[in-house]
Structures are given as structure tokens and as C-alpha cells.
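**Student:** Work out the full structure: start from the sequences and follow the hints.
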Amino acid sequence: MTAVLPSLSDAFGLGAVSDRRFLAHGLMNRNWRLVTAAGVFALKEITDVPLPKVRRNLAVLLDLAREGIPVPAPLSAANGDLVAEVGGHGYCVLPWVDGEHLQGTDLPLDQVRDLGALLGRLHEGLRRHGPGRVPEQAPVAKVRDVTEADRAAAALLSRLPSAPVTDFDKAAAEALHDRRRLLARYADARPDGEVPAGPYGWTHGDFQYRNLLRREGRVVGILDWDRLGVRPYGEEVARTAQVQFGVGGVFDLDRVAAFCTGYRSVIDLSEGDLADAVKRLWWKRLTDFWQLEFYLDRQDPAFGEMFLTDEALLNWWTDCADEVQAAYAAR
Numbered sequence: 001m002t003a004v005l006p007s008l009s010d011a012f013g014l015g016a017v018s019d020r021r022f023l024a025h026g027l028m029n030r031n032w033r034l035v036t037a038a039g040v041f042a043l044k045e046i047t048d049v050p051l052p053k054v055r056r057n058l059a060v061l062l063d064l065a066r067e068g069i070p071v072p073a074p075l076s077a078a079n080g081d082l083v084a085e086v087g088g089h090g091y092c093v094l095p096w097v098d099g100e101h102l103q104g105t106d107l108p109l110d111q112v113r114d115l116g117a118l119l120g121r122l123h124e125g126l127r128r129h130g131p132g133r134v135p136e137q138a139p140v141a142k143v144r145d146v147t148e149a150d151r152a153a154a155a156l157l158s159r160l161p162s163a164p165v166t167d168f169d170k171a172a173a174e175a176l177h178d179r180r181r182l183l184a185r186y187a188d189a190r191p192d193g194e195v196p197a198g199p200y201g202w203t204h205g206d207f208q209y210r211n212l213l214r215r216e217g218r219v220v221g222i223l224d225w226d227r228l229g230v231r232p233y234g235e236e237v238a239r240t241a242q243v244q245f246g247v248g249g250v251f252d253l254d255r256v257a258a259f260c261t262g263y264r265s266v267i268d269l270s271e272g273d274l275a276d277a278v279k280r281l282w283w284k285r286l287t288d289f290w291q292l293e294f295y296l297d298r299q300d301p302a303f304g305e306m307f308l309t310d311e312a313l314l315n316w317w318t319d320c321a322d323e324v325q326a327a328y329a330a331r
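Per UniProt numbering, the very first residue in the sequence shown carries number 1; after that it's consecutive.
If you are wondering where the hints come from, they were derived from the structure by calculation, not from laboratory data.
Beta carbons are placed, not taken as given, at the ideal position from N, Cα and C, and that holds for glycine.
A couple of the hints might just be wrong.
Keeping only pairs whose Cα atoms sit at most 30 Å apart, straight-line, the calculated DSS-like set for lysine-lysine is [unchecked claim]: (1) Lys284 / Lys142; (2) Lys142 / Lys279; (3) Lys53 / Lys284; (4) Lys284 / Lys170; (5) Lys53 / Lys142.
Across the chosen pairs, the derived CB separations fall in these ranges [claimed, not checked]: (6) Gly217 / Gly80: 35 to 45 Å; (7) Ala321 / Asp150: 12 to 22 Å; (8) Glu271 / Ala37: 49 to 59 Å; (9) Ala163 / Gly80: 55 to 65 Å; (10) Asp98 / Ala155: 38 to 48 Å; (11) Glu148 / Val195: 11 to 21 Å; (12) Val195 / Asp19: 46 to 56 Å; (13) Leu157 / Phe22: 32 to 42 Å; (14) Gly193 / Asp150: 17 to 27 Å; (15) Pro135 / Asp192: 30 to 40 Å.
**Tutor:** Structure representation (C-alpha cells):
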């Protein structure tokens, strides 16, 4: 960073940089907090997304910010580009937003309802300012079959030590054996078809507490737009509630209900549309192993912890499926 910082400062008109701090909590891209003559900014080195897609996504933020949706408006470089390419890497700069990341289970119910309503407002804003036309045909969501998922579980087991060396190795192996039993038991519960029910449009793609900054009881920054894309609205509602309120191996059903009530006060998703989205999300979690794959590929313990935590939630969710569906149906 030391080598490229002067060029980036010139490109974005930041002036002298008096303080630079690397933000180690990011899971994907690399980020820094910069104190400069022009103000305080977040600098992001783009590592996981093609630069044309990043430029497309950043342009959307300018329009959303003008509507009062709490997103940081990116800075333009001197040439008008929202991404500067220096030393073979792409970088963008956004205003620094002071706030904290709070898990959904730490929010009072009124703020949970407000969060659901904010997601609805965001979907409405993206309907007006998305980066392109929404396709006339509904997006297709691949529904993995049991045989493929079981093969994936077996392949992951083969990558773990045959005689577990660490507590994690033992826990991961037990979880994979349990998952294979669940797959066999619920093979007939596969969702019908690959076209989800309900309305669809541009969505954030990762609307969860790590990407939300809060201050004084409200969201002041919606961050990380790398996954902006066209999806069913129900999919984002279901996933957001799971990530925000599926903590410690269980769902906080009161907060799931409050969140969905807030969202449906803005966008009227039907109970059937939400039920379809929740079932598809459950099936995706049942047949997917991405956290463990990331852990084994990158040797990053954060992904190993995520795998075990989500495994506990999957088992609880499977046992309490009716209660979970009822919470998502709340108005």
C-alpha cells in the first residue's frame, strides 16, 4: 500500500495522508481507513470482483444516495472513473461512515421492523436506479440434487484427516456425517422447479450486519455492493433474516417476524412467496458446503467457525420448520 498510496491520493484528490489503518475484519476485499487533507475515507482494494462490475455497482450508489438511502457515495477520480487502477490492482474510495456493526439479535424489535422496512425501501430504490433493465423472465435458481450434495460431502470428508488431529477436524467430520444422514432423510423435500415464486428485481445480495453500520438506533451506511444482482425479493428477505437472526444455532423467531412485518409494510410479498423462498433457502443450506470449502481452500479459521455455527442452525431449523415458516409469514 505504501508504494501506491501517493498515486491513489493524486487520482482521487485526497491530498496528504496523515493516518492509514488497515481494517482486518473484512472477509474478502482489503480495506483501509485513511485520514487525509480532504477528509476521512474508506479505501478498498478490489480483489474478488471484475472491475467493470465494480464500476457498474458504484454508479448505482450515487443515485441511491441522492434519494436519501443510507449508502456512501463513491468519489470519482480526476478522469471521472469511480475505480483507479494502480500497480495492477483496482481501488475505490468512499466517505468514511462512523458507526458500529450490531448483530440483528442485539436490536430491539422496533429497530428490527425498521430494518425490514429499510430493505423494502432499498428494493424500491433499486427498482428505479438499478444498473440495467430487469429481465422479463424470472431468474432461475439452481436446486442442487441430493446425489450431487452427498458426493460433495464425501469429497470434503476425504480432505479431512482420517484420524482427526484438531477439535475442528473432529467436529467437521461429525457434521458432514450428520449432513449425509439429513440428506437421505429429506431427499423428497426438494423444492419444485428452478424458478422461485414472487416478484424479483435488483437486490443488494449481502444485506447483513457485517455490511450495515448503525448509529443512534438507525442504519447510517449500507456497505459492500459486490453482489448487487437480480434476484427474487423473497430470496433476499429470507437470507437476510437467516443471517441477522439465526445466531447461536437457533432462529430468534420474534425478530424474524418483526423484520418480515417491516419489509411487507413496504413491499407486499405474499405468504406463499415467502414460504417458497424460505424452503429454497433451507434446501440450499442443506445441500451446500461453501464455508467448509473456503476453510479448506484458504485455511481461514473464520470460515470454519461459520460452517459449524450454520450447521447447528440447519439442524434446529429442520426440526422446527413449521415455527420458522410461521415467523416469516408475520404481518
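**Student:** Please go over all the hints and tell whether each is borne out by the structure.
**Tutor:** So, going through the hints one by one against the coordinates:
Simply put, Lys284 and Lys142 have alpha-carbon atoms about 9 Å apart, close enough for the 30 Å limit, and the pair holds. Taken as a hint, the Lys142 and Lys279 pair is honoured in the structure, with Cα atoms around 13 Å apart against an allowance of 30 Å. In summary, the hint linking Lys53 to Lys284 is supported, as the alpha carbons are separated by about 26 Å, within the 30 Å threshold. In summary, the hint linking Lys284 to Lys170 is supported, as the alpha carbons are separated by about 24 Å, within the 30 Å threshold.
The suggested pairing of Lys53 with Lys142 holds, with an alpha-carbon distance near 22 Å, which does not exceed 30 Å. About 37 Å separates the C-beta atoms of Gly217 and Gly80, a value consistent with the hinted range of 35 to 45 Å. A beta carbon spacing of about 21 Å between Ala321 and Asp150 agrees with the range 12 to 22 Å that was offered as a hint. Glu271 and Ala37 have their C-beta atoms about 54 Å apart, which keeps the hinted 49 to 59 Å range intact.
A beta carbon spacing of about 59 Å between Ala163 and Gly80 agrees with the range 55 to 65 Å that was offered as a hint. Taking 38 to 48 Å as the suggested C-beta distance range, the pair Asp98 and Ala155 conforms, at roughly 45 Å. Glu148 and Val195 have their C-beta atoms about 19 Å apart, which keeps the hinted 11 to 21 Å range intact. In this structure the supplied range 46 to 56 Å holds for Val195 paired with Asp19, their Cβ-Cβ distance being about 51 Å.
For Leu157 and Phe22, the Cβ-Cβ distance of about 36 Å falls inside the hinted range of 32 to 42 Å, so the restraint holds. One distance hint, 17 to 27 Å for the beta-carbon pair Gly193 and Asp150, holds here, with the actual separation near 22 Å. Between Pro135 and Asp192, the C-beta spacing of about 21 Å breaks the proposed range 30 to 40 Å.
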